[in-house]
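Sequences are here, hints too, so could you generate the full structure?
2 protein chains.
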Amino acid sequence: MAKKFTEKHEVMFYECDVTGKLTLPMVLNIVINTSESQSEALARGSHYINSLGLGWVITQHEMRVSRLPKAGETIAVTTAATTYNKYFCYRDFWIHDAEGKECVAITSTFVLMDLTTRKMVSVPFEVIEPYESEKITKLQRGTKMLPKTTGESRPYRVRFNDIDGNQHVNNARYLDWMVDCLDYDFLTSHQPTVVNIRFDKELNYSEMIDSQWGFVPEIAETISHHQIYSGETLCAEANISWQ
Amino acid sequence: MAKKFTEKHEVMFYECDVTGKLTLPMVLNIVINTSESQSEALARGSHYINSLGLGWVITQHEMRVSRLPKAGETIAVTTAATTYNKYFCYRDFWIHDAEGKECVAITSTFVLMDLTTRKMVSVPFEVIEPYESEKITKLQRGTKMLPKTTGESRPYRVRFNDIDGNQHVNNARYLDWMVDCLDYDFLTSHQPTVVNIRFDKELNYSEMIDSQWGFVPEIAETISHHQIYSGETLCAEANISWQ
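Protein sequence lines correspond, in order, to chains A and B.
The first sequence begins at 1 in UniProt numbering and counts up by one.
The second sequence begins at 1 in UniProt numbering and counts up by one.
It should be emphasised that the hints constitute simulated quantities derived from the structure, not laboratory data.
Check each hint, because a few of them may be wrong.
[Said to hold, decoys possible] Okay, derived cross-link-like pairs now, EDC-like style, lysine to aspartate or glutamate, Cα gap no bigger than 16 Å in a straight line:
| hint | chain 1 | residue 1 | chain 2 | residue 2 |
| --- | --- | --- | --- | --- |
| 1 | B | Lys3 | B | Asp92 |
| 2 | A | Lys148 | A | Asp92 |
| 3 | A | Lys3 | A | Asp92 |
| 4 | A | Lys4 | A | Glu132 |
| 5 | B | Lys8 | A | Glu10 |
| 6 | A | Lys8 | B | Glu10 |
[As the list claims (entries may be wrong)] The following residues of chain B were derived to be distant from chain A, with all beta-carbon distances above 12 Å:
| hint | residue |
| --- | --- |
| 7 | Thr19 |
| 8 | Thr83 |
| 9 | Ile128 |
| 10 | Leu139 |
| 11 | Gly151 |
| 12 | Asn161 |
| 13 | Asn166 |
| 14 | Gln167 |
| 15 | Glu232 |
[Claimed, not checked] Sample of chain A residues at the chain B side, in silico, Cβ under 10 Å:
| hint | residue |
| --- | --- |
| 16 | Tyr14 |
| 17 | Pro25 |
| 18 | Asn29 |
| 19 | Phe160 |
| 20 | Asn196 |
Idealized CB from N, CA, C, for every residue including glycine.
Here is the structure:
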């Protein structure tokens, strides 16, 4: 069993939207902060990874949302680097409220990138060892994206504060650009229940992106479909189920 | 002496920019979170204020920055509602690092607004009493803005996540739109030392704003001048000193 790591977090008002509940991008930020804390605690922080000429890249998050915590709540954020194979590391996250009820569960896929060649590399044993992840041989295939619908699009520019200390656009920003396209009335009257987001290409400072969106037709559920394009290049894609 | 209130805060990676240091807008968010905590602790939280048909509005922040804390640091955020007169409440904030050294000091001006008429009202004694603020008769005049310089401008749209639980654009966003206009190279090679920001008019969801900026000429210091306009209306103005 992979080592679990838990830390408490107080939900700040500025992590919440107009409904007073945690935003989806902030859920990602908070859980990633916890995975970084675990890595630091196991002497595998970004300083160590960078010293090997490597960096972690997140390729997918699959989130199940039971309830988005409110401003002022103290939540427990737990993570474990569950399994890995030659190229992919799978990490789970859970957010629980003060009563121990699960609010959010996330499965994420990480890969290691060579910082010089910008190419994926196989996972060195010394990097993964302290997490006590289970080695698996097969690939865990993430849930597939639903077919794209015709929809609308809105332009965004990568801002200075979108770039984090790893010199990349913070992954949570993609989700920000996706959700922001939906209607104010829709967002204040619907709750996200499942989010499946895949990251395909990194973005650079001052790049212009197009956030395209639409609703998946002819199904009983309300599912929005999102794609982030830089020119002709698909950079990220997501499906979000709402109720 | 006004009651002091302190809470600890761990600086999260997503509160920092590419340099790994806390952003100026996040400094404002963090201190405001602490003033809300104090108000809750004194049974004068937003629920109580709203029940009187009132809401707090911030009109000015004057910040002195010695050092912006880094991701992972635990800081102590202290506040006291120092003084007040008929219409204005003056609140101080201090951020100290783990060694007790002052990183940031802020003096802020708050007014109470009638939520129906959207007009400023005089401060009821029952609202201010528990803070043990000193009543003063004179007006504390904030530092004046330096004369505007000709400069450039960049458009921004008020996004869904710019609106906070108080149904207003979070004040910190104005500072975000201001700082974002400056050059990447400038921002990664300069430190802010003094920030004087004044808020003149609230903004609404989906409004387009123009963030105008320039540098104050013919002085030894490097001071940037910023204005946020919605059409012809000046909504916020700031001077930021850099070194």
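Hints and how they fare:
For the suggested pair Lys3(B) and Asp92(B), the alpha carbons sit about 11 Å apart, so the restraint of at most 16 Å is met. A hinted pair counts as satisfied when its Cα atoms are at most 16 Å apart, and Lys148(A) with Asp92(A) does not qualify at roughly 28 Å. For a cut-off of 16 Å, the pair hint linking Lys3(A) to Asp92(A) stands: about 11 Å separates their Cα positions. For the hint linking Lys4(A) to Glu132(A), the alpha-carbon distance of about 10 Å falls within 16 Å, and the restraint holds.
Proximity of Lys8(B) to Glu10(A) is assessed by CA-CA distance (about 11 Å); at most 16 Å being required, the pair is judged to hold. Our distance criterion of 16 Å between C-alpha atoms is met by Lys8(A) and Glu10(B), whose separation comes to about 11 Å. Not every CB of chain A lies more than 12 Å from the CB of Thr19(B), the least distance being 7 Å, so the non-interface label is violated. Every Cβ of chain A is farther than 12 Å from the Cβ of Thr83(B); the closest lies at roughly 25 Å, confirming the non-interface assignment.
Chain A leaves Ile128(B) outside its interface by the beta-carbon criterion, the shortest separation being 22 Å against a cut-off of 12 Å. No Cβ of chain A approaches the Cβ of Leu139(B) within 12 Å, the least distance being about 29 Å, so the stated non-interface status holds. Annotated as non-interface, Gly151(B) keeps its C-beta farther than 12 Å from every C-beta of chain A; the closest such distance is 17 Å. With 12 Å as the threshold on Cβ separation, the claim that Asn161(B) sits away from chain A is violated: the shortest Cβ distance comes to roughly 6 Å.
The non-interface label for Asn166(B) is inconsistent with chain A: the shortest C-beta to C-beta separation is roughly 8 Å, within 12 Å. Listed as a non-interface residue, Gln167(B) fails to keep its Cβ farther than 12 Å from every Cβ of chain A; the least gap is roughly 6 Å. The non-interface label for Glu232(B) is consistent with chain A: the shortest C-beta to C-beta separation is roughly 24 Å, beyond 12 Å. The beta carbon of Tyr14(A) is positioned within 10 Å of a beta carbon in chain B (closest approach about 4 Å), and the interface hint is therefore held.
At about 7 Å, the closest approach between the beta carbon of Pro25(A) and any beta carbon in chain B falls short of 10 Å, and the interface hint on this residue holds. Because the smallest distance between the Cβ of Asn29(A) and any Cβ of chain B comes to about 4 Å, under 10 Å, the interface hint for this residue holds. Proximity of Phe160(A) to chain B holds as hinted, the smallest CB-CB distance being about 5 Å (cut-off 10 Å). Violation of the interface hint for Asn196(A) is found here, the shortest Cβ-Cβ separation to chain B being roughly 20 Å, above the 10 Å cut-off.
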